[in-house]
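Novice: I would like the entire structure built from these sequences, with the hints used as guidance.
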Amino acid sequence: MNALGAFFSRNAWRVFHRNLLAWQKYAWSSVAINIVEPFAYFLALGFGLGAYFSLTGYGSLVQFMAPGFLGLTALNTATFDAAWGAYERRVFNGVYESMVTAPVDPLEIAAGEYLWQAFRSTLYGCLFLAVIAGFGLVHSWWALLCPLVLALSGIVFAIPALLVSFVVKTQEHLFYYFSFVVTPMVMIGGVFFPLDKFPKWALVIAWLTPLYHAVKVFRALVLGTVTAQTALEALWILVAIAVFAFVPVRSIRAKLAN
Amino acid sequence: MCAQNTVVYARSLTKRYAEVEAVRGIDFAIHAGECYGFLGVNGAGKTSTMKMIYCRVARTAGELLVLGMDPARDASRIKQRLGVVAQENALDPELNVEENLLLYASFFGITGNGARDRARELLDLLAISAKSKALVRELSGGMKRRLVIARALVNRPDILVLDEPTTGLDPQARLLVWETLTRLINSGLTLLLTTHYMEEAARLCGRVAVIDEGRILAEAPPAQLVTQYAAEDVLEIVDADGRLPADTQLDGLVARRERHGDTVYLYNADNRVLLHRMAALGFDPPRHVARRATLEDVFLNMTGRELVE
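Those sequence lines, one after another, are chains A and B.
Take 1 as the starting number for the first sequence in the numbering used here and just add one per residue.
Take 1 as the starting number for the second sequence in the numbering used here and just add one per residue.
Just so you know, the hints here were simulated from the structure itself, not pulled from any lab data.
Lysine-lysine pairs mimicking PhoX-like chemistry, simulated, CA-CA at most 25 Å apart:
no.: 1; chain 1: B; residue 1: Lys133; chain 2: A; residue 2: Lys25
no.: 2; chain 1: A; residue 1: Lys169; chain 2: A; residue 2: Lys255
no.: 3; chain 1: B; residue 1: Lys131; chain 2: A; residue 2: Lys25
Between beta-carbon pairs, the in silico distance windows are:
no.: 4; chain 1: B; residue 1: Glu213; chain 2: A; residue 2: Phe246; range: 34 to 44 Å
no.: 5; chain 1: A; residue 1: Phe175; chain 2: B; residue 2: Arg305; range: 41 to 51 Å
no.: 6; chain 1: A; residue 1: Ala44; chain 2: B; residue 2: Arg116; range: 43 to 53 Å
no.: 7; chain 1: B; residue 1: Gly33; chain 2: A; residue 2: Leu148; range: 53 to 63 Å
no.: 8; chain 1: B; residue 1: Ser187; chain 2: A; residue 2: Gly5; range: 33 to 43 Å
no.: 9; chain 1: B; residue 1: Gly43; chain 2: A; residue 2: Phe178; range: 34 to 44 Å
no.: 10; chain 1: B; residue 1: Arg73; chain 2: A; residue 2: Ala242; range: 27 to 37 Å
no.: 11; chain 1: A; residue 1: Val204; chain 2: B; residue 2: Gly114; range: 52 to 62 Å
no.: 12; chain 1: B; residue 1: Gly114; chain 2: A; residue 2: Cys126; range: 34 to 44 Å
Every value quoted in this text rests on a predicted model; they were computed, and no experiment measured them.
Ideal Cβ placement from N, Cα and C applies to all residues, glycine included.
Specialist: And the structure:
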C-alpha cells in the first residue's frame, strides 16, 4: 500500500473513529486531567516562581513559558496515549488483534493512531491556547496557525511512543521511555527557560529532539516573531514525520502478522 | 487437485516457530457447506492451523488455499470473506455491544444503515438484543462468546472459523452456543472449528480430524472414527487387585484392552454380552462403568492420552 495513502485510507479513519468512540465515554475526565495538571504547573511556576525575576531579553517567566506549554501539552497528550494507551489497546484489550483479523493493514493502524494523536494534541493544545489567551499572553494573529502545528507535533511525538508501545515486553518498560527520553527532552526543550546559556553539545542534543523545534514554532506564533527560521523549524517536524512515521509499522507488523 | 467445492485446501502444511514445529505437514480439504473439526489437546497444532487459514500467521512450508486464494498473497481478500472467532474474545471493552459490531462492520466497508440493520439482525439471531447498549465488560462469558460470533458474521462470511468456541463456558452457555452453531450449519454455512471437547466434535462436525503433535492421525465422520478406532462399547473397570479375567478367558469378546492407572478399558461390541461372560466366570466387577465408545476413546487409543486433562 502507498505509505502516504494510508493516512487518507478509510480504515485509518476507522481506527481513529474507534479511539474517538472510546474517548467519548470519559471525555470530560480526560480533558480535565490533560488541562488541569499542566495548568497547575503553569500557574505555580509562571506566577509563583516568576514573580521573583524576569528573564533577561525575554521578559516575564510566565510569558516565556506560555508558548512552551503548548509544546509540552502536545508532547504529554500524544506520548501518554500512544505509549500507554496503545499498549493497553494491544495487550489488554485486543483492539489491534481484531483489526488485523478484519482486513485492516498494520500501516492503516499506525496511520489511524497518528491521526488520533494529532486530534488529541490539537484539542488539548487549543484549550491551553485559550487559557493563555485569556491571560493576555497571546500577541499575534499568527497564533491561529497553532492548531496546525499542534496536529503535526502530535504526530511527531506519537511516532517514538507508538514504536515503544509495540516493542516493550512489559508495561514497566514503558516507564523507561518516559524517564529516559520524555523527561530529559522536556528539560532541554526550551519550555521553562531559554537555552542560550547551555553548552554547545547540549544544544546539539536539543536540536535533535522534536520538542525543541515545536516550542520554537509555538513561541514565534504566539509572540508574532515569525521569520524564515520559524518555517525551517516547522520543516524539521515535517521531515521527521516523513522519515520516521513508518518505522513503527515494522514492529506493528511483526507483532500482529508473524 | 482442488475440487470445485473445496473451500480450504492444505497439503504438507507446516508451521515452525523459533522453538517448536507446531504443524508438521498436514493435508486436508474442507468442502463448502460442511462443518469440519480439528480435535486435539492443547498444543496439538490446532490454533496454528487456524491462524494460518485466517491469515494471522504465515505458513512455513506447504500449500494452502483458502477460497481458492493463497494467504501469502491475498490475505486481505481472504479476510474480507472469512468470519473469525479467535480463542481470545478480543472484544473491545471500551465500546458497547452495538459499537463493537458497527466498528467491526466498518472494517469490511459495511457502514451506515446497512451496518445498523445487520447489527440488529445479528443481535436478534444471537439473543443479545437486550444488551445492545451494554459495555462488553458487563456481559457474561456466554454473552461475550455470542457477541464474538455475531461480530464474525457481520460481513456475511463464506466460512466461519472458530477456535475453541466453547472453551471456558459453563454447560448452559455452551449449549446455547451449540444451538446457534447448529442453526448456522443447517443454514448451509461452512464451519471450521477446533475443540478439545469430544462431545462438541460429535455434535457439530460432519467430519473430524484427530490432530496430535502437529499431525493428523485420522479423519472421518465422528461415528465412523469411533467404530473404526475404538469399538461400539466400552467397559471401564477399576481393577486394583488384578482379579480381572484375561482376554483369553473372555472368548475373544474384548477387541482391545487399555490400562490407565487402576482403570482397565475393555473395548467390545456389546457390554451386556461381556458382563454376562464375566459373570459366568464368577467375576462380578465391583466398580465399573458400561458405556458407548466415544471420540474420547478414539483419542485415547490413538495417542495414549486423554483429551481433557
